[in-house]
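Novice: Spelled out, the chains give:
Protein chains: 2
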Amino acid sequence: MPRRPDPERLAAWRLLLEAHAAVVDRLGRELEAECGLPLTWYDVLLQLSSAPEGRLRMRDLARAVLLSRSGLTRLVDRMETAGMVCREAHPSDGRGANAVLTPAGRAALRRAAPVHLRGIDAHFARHLSDADAAALGDALSRVVAAERDPA
Amino acid sequence: MPRRPDPERLAAWRLLLEAHAAVVDRLGRELEAECGLPLTWYDVLLQLSSAPEGRLRMRDLARAVLLSRSGLTRLVDRMETAGMVCREAHPSDGRGANAVLTPAGRAALRRAAPVHLRGIDAHFARHLSDADAAALGDALSRVVAAERDPA
Chain A
469 MPRRPDPERL AAWRLLLEAH AAVVDRLGRE LEAECGLPLT WYDVLLQLSS
519 APEGRLRMRD LARAVLLSRS GLTRLVDRME TAGMVCREAH PSDGRGANAV
569 LTPAGRAALR RAAPVHLRGI DAHFARHLSD ADAAALGDAL SRVVAAERDP
619 A
Chain B
469 MPRRPDPERL AAWRLLLEAH AAVVDRLGRE LEAECGLPLT WYDVLLQLSS
519 APEGRLRMRD LARAVLLSRS GLTRLVDRME TAGMVCREAH PSDGRGANAV
569 LTPAGRAALR RAAPVHLRGI DAHFARHLSD ADAAALGDAL SRVVAAERDP
619 A
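Just so you know, the protein sequences line up as chains A and B, in that order.
For the first sequence, the numbering used here assigns the number 469 to the initial residue and increments by one for each residue that follows.
For the second sequence, the numbering used here assigns the number 469 to the initial residue and increments by one for each residue that follows.
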């Protein structure tokens, strides 16, 4: 028999999937309604804005985003058409390409951030006690650290 | 100023996104490699198999799945072509449609389940202490309960 999780850990995994689906769904609908911005676009804008000069290689952007890894190329195409990012050839080799945040992309992120942060507070943070937040942070840090650089 | 989460809760939210992305990515690649089944298909098969007679209205299936709510119609199209689900008119009205698990879909789920459960153990469950699992379950239950039936 292959190993399988015990019932309590399997339940915790399903709750993580349910909480993620419910909260991401809600945050996405609010951001779309109030700012006309899909949450997947926000994710790309945020990752680029955190990088030096607002610039990342496409492969690094694909690792950094948290919501739409599989459809990233087409997502960046749509954001380029909308003027929020542009692509440039990577200087060190002819193959790679950078995605670069434009001023319009930076402005969209700045407008959307308060709506998004208010949503995280309303739909996630306010349901957690201080002890919950600490326990969640500890447990998930361990998962992320182990899975980020797997043996 | 709109409310925003404090740094510890915002960090917990980002860790939830990171853990979800890392583990779902890994589980998806393993299931695809070992069973040729996308994780989004597994999610649909699992939700249908948990319903009476393996049958759900499309709108209820859309609420039940945890991984691909936005592209569900096309996903079910592809699974129908692969013979894992079929569609039938809903008996009580002419408009709704049911998705129904086929024997081939049930067999695919049965083959995939041990691989998926082993992955949950390896990439999530084994990183959690008993206390972690309990704390995570408690905290995420509160989020899910509050967001499932929002005021």
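No lab work stands behind these hints, which were simulated from the structure alone.
Just so you know, not all the hints are guaranteed correct.
Claimed, not checked - With the C-beta cut set under 8 Å, the calculated list includes, among others, these residues of chain A facing chain B:
| id | residue |
| --- | --- |
| 1 | Arg472 |
| 2 | Leu483 |
| 3 | Val491 |
| 4 | Arg497 |
| 5 | Leu499 |
| 6 | Glu502 |
| 7 | Leu505 |
| 8 | Leu514 |
| 9 | Met526 |
| 10 | Val568 |
| 11 | Leu596 |
| 12 | Ala603 |
| 13 | Val612 |
| 14 | Arg616 |
On a predicted model such as this, the values are computed, not experimentally measured, just so you know.
Yeah, the Cβ is synthetic: ideal placement off N, Cα and C, and Gly gets one too.
Novice: Indicate, hint by hint, whether the structure satisfies it.
Specialist: We went through each hint and held it up to the structure:
1. For arginine 472 of chain A, the suggested interface contact is upheld, since its CB lies about 4 Å from the closest CB of chain B, less than 8 Å.
2. Look at leucine 483 of chain A: its Cβ gets to within about 4 Å of chain B, closer than 8 Å, so that hint holds up.
3. Residue-level restraint check for valine 491 of chain A holds (minimum Cβ-Cβ distance to chain B is 6 Å; threshold 8 Å).
4. Hint on arginine 497 of chain A is violated. Least Cβ distance to chain B is approximately 11 Å, over the 8 Å limit.
5. For leucine 499 of chain A, the interface hint is violated, since its Cβ never comes within 8 Å of a Cβ in chain B; the closest pair sits about 13 Å apart.
6. Given hint, glutamate 502 of chain A at the interface with chain B, is violated; its Cβ is 11 Å from that chain's nearest Cβ, farther than 8 Å.
7. Evaluation of the leucine 505 of chain A hint against chain B yields a violated restraint, the C-beta minimum of about 15 Å exceeding 8 Å.
8. A cut of 8 Å between beta carbons decides the hint on leucine 514 of chain A: the least distance to chain B is about 10 Å, and the hint is violated.
9. Restraint check, methionine 526 of chain A versus chain B: the minimum CB separation of about 17 Å is more than 8 Å; hint violated.
10. Violation of the interface hint for valine 568 of chain A is found here, the shortest Cβ-Cβ separation to chain B being roughly 23 Å, above the 8 Å cut-off.
11. The beta carbon of leucine 596 of chain A comes within 6 Å of a beta carbon in chain B, closer than 8 Å, and the hint placing it at the interface holds.
12. Annotation: interface hint on alanine 603 of chain A holds; nearest CB of chain B at approximately 3 Å, less than 8 Å.
13. Residue-level restraint check for valine 612 of chain A holds (minimum Cβ-Cβ distance to chain B is 5 Å; threshold 8 Å).
14. Evaluation of the arginine 616 of chain A hint against chain B yields a held restraint, the C-beta minimum of about 6 Å falling below 8 Å.
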